[in-house]
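Novice: Residue numbering for the sequence shown follows my numbering, starting at 5 and increasing by one per position.
Derived by calculation from the structure, the hints in this document are not laboratory data. Predicted model only: the values in this text are computed from it and were never measured. Quick reminder that beta carbons are idealized off the backbone N, C-alpha and C, glycines included. Be a bit skeptical, because a hint or two may be false.
As the list claims (entries may be wrong) - Computed spacing ranges between beta-carbons, pair by pair:
| id | residue 1 | residue 2 | range |
| --- | --- | --- | --- |
| 1 | Leu227 | Ala272 | 16 to 26 Å |
| 2 | Ile283 | Phe147 | 29 to 39 Å |
| 3 | Ile82 | Asn135 | 31 to 41 Å |
| 4 | Ala86 | Gln125 | 13 to 23 Å |
| 5 | Pro296 | Tyr269 | 15 to 25 Å |
| 6 | Arg198 | Gly127 | 31 to 41 Å |
| 7 | Asn150 | Ala15 | 12 to 22 Å |
| 8 | Ala86 | Val157 | 21 to 31 Å |
| 9 | Arg172 | Phe112 | 27 to 37 Å |
| 10 | Gly127 | Ile82 | 21 to 31 Å |
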Amino acid sequence: MFELLGIPPQALFGQLLLGLINGSFYAMLSLGLAVIFGLLNVINFTHGAQYMMGAFVAWMLLNWLGVPYWGALILAPIIVGAFGVVLERAFLRRLYHLDHLYGLLLTFGLALIIEGVFRKQFGSSGLPYDNPIPGGQRLSFMFLPNYRAWVVVASLTICLGTWYMIERTKLGSYLRAATERPDLVQAFGINVPRMITLTYGFGVGLAALAGVLAAPIYSVNPLMGSNLIIIVFAVVVIGGMGSIMGAILTGFVLGLIEGLTKVFYPEASSTVIFIIMAIVLMIKPAGLFGTPK
Numbered sequence: 005m006f007e008l009l010g011i012p013p014q015a016l017f018g019q020l021l022l023g024l025i026n027g028s029f030y031a032m033l034s035l036g037l038a039v040i041f042g043l044l045n046v047i048n049f050t051h052g053a054q055y056m057m058g059a060f061v062a063w064m065l066l067n068w069l070g071v072p073y074w075g076a077l078i079l080a081p082i083i084v085g086a087f088g089v090v091l092e093r094a095f096l097r098r099l100y101h102l103d104h105l106y107g108l109l110l111t112f113g114l115a116l117i118i119e120g121v122f123r124k125q126f127g128s129s130g131l132p133y134d135n136p137i138p139g140g141q142r143l144s145f146m147f148l149p150n151y152r153a154w155v156v157v158a159s160l161t162i163c164l165g166t167w168y169m170i171e172r173t174k175l176g177s178y179l180r181a182a183t184e185r186p187d188l189v190q191a192f193g194i195n196v197p198r199m200i201t202l203t204y205g206f207g208v209g210l211a212a213l214a215g216v217l218a219a220p221i222y223s224v225n226p227l228m229g230s231n232l233i234i235i236v237f238a239v240v241v242i243g244g245m246g247s248i249m250g251a252i253l254t255g256f257v258l259g260l261i262e263g264l265t266k267v268f269y270p271e272a273s274s275t276v277i278f279i280i281m282a283i284v285l286m287i288k289p290a291g292l293f294g295t296p297k
């Protein structure tokens, strides 16, 4: 087999696969953040905690109720999304007309509370979750685990389906119009506050769904969201705050760049995304796909 700059193909494609897996989670979490910010104008710092909750709800459904992974894929996003609806009704709707800083501080505090509750209940060592699709395909240049391939396909399908719903359907046009002219949308008999609440619940459900997908790959622990959320915010900033397609494309591309960096210059792998963010902000402050205001 060929080598690229002295790197064996197994190592190169293995890191690319790892980057693609990470990019799948970056894209899904960034998508949820973009939906919430773009349609509700709220910087949702609880997103990482809600991602963690999705993984824990899947674990509890399996170990306490015997609900398998495929059932958790449906139930966990609904349960965590309903929790998000409660948060929106109780706290966030009071902040929509205030500066972004208020929403950021509130959601940051809520994230700390949620993580603290789970850490007290389950500890910080992490809990295992069985792989629902064991085995893999032995290709000529690498071994491809079945579950990781499923995660990439599922993430891409979910991301593109969400983009299509928001950008190409009547429901999406109502959502976008409600952010610009809520009075006009209300005049057509549409309950705008309920639509906003459900939109926040949908964005939270996307984070929880990513958590369920992550559970068999990573250890289920209360800190899994806080370890990821800063990177995800960087991805959203690079793609452009509120840009749906920007979040998707940037998430996958940055995951691949991070994987390649681990091959050729491992020391920079933990900072390459933030370096890219700094460069992008200097050249285009609104992000690659964002619209200057």
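Novice: None of the hints should be skipped; say for each whether it holds.
Specialist: Each hint, compared with the structure:
The given range of 16 to 26 Å is respected by Leu227 and Ala272, whose C-beta atoms sit roughly 24 Å from each other. Our hint of 29 to 39 Å for Ile283 and Phe147 holds, since their Cβ atoms are close to 35 Å apart. Between Ile82 and Asn135 the beta carbons are some 23 Å apart, a value that contradicts the proposed interval 31 to 41 Å. At roughly 20 Å, the beta carbons of Ala86 and Gln125 sit within the given window of 13 to 23 Å.
Taking 15 to 25 Å as the suggested C-beta distance range, the pair Pro296 and Tyr269 does not conform, at roughly 33 Å. At about 39 Å, the beta-carbon gap between Arg198 and Gly127 stays in the expected band of 31 to 41 Å. In this structure, Asn150 and Ala15 meet the distance hint of 12 to 22 Å, their C-beta atoms being roughly 21 Å apart. Range check, Ala86 to Val157: Cβ separation about 27 Å, and the 21 to 31 Å hint holds.
Checked against the given bound of 27 to 37 Å, the beta carbons of Arg172 and Phe112, roughly 34 Å apart, stay inside it. Between Gly127 and Ile82 the beta carbon distance is about 27 Å. The supplied range of 21 to 31 Å therefore holds.
The structure does not agree with the numbered hints 3, 5 stated previously, though it agrees with the rest.
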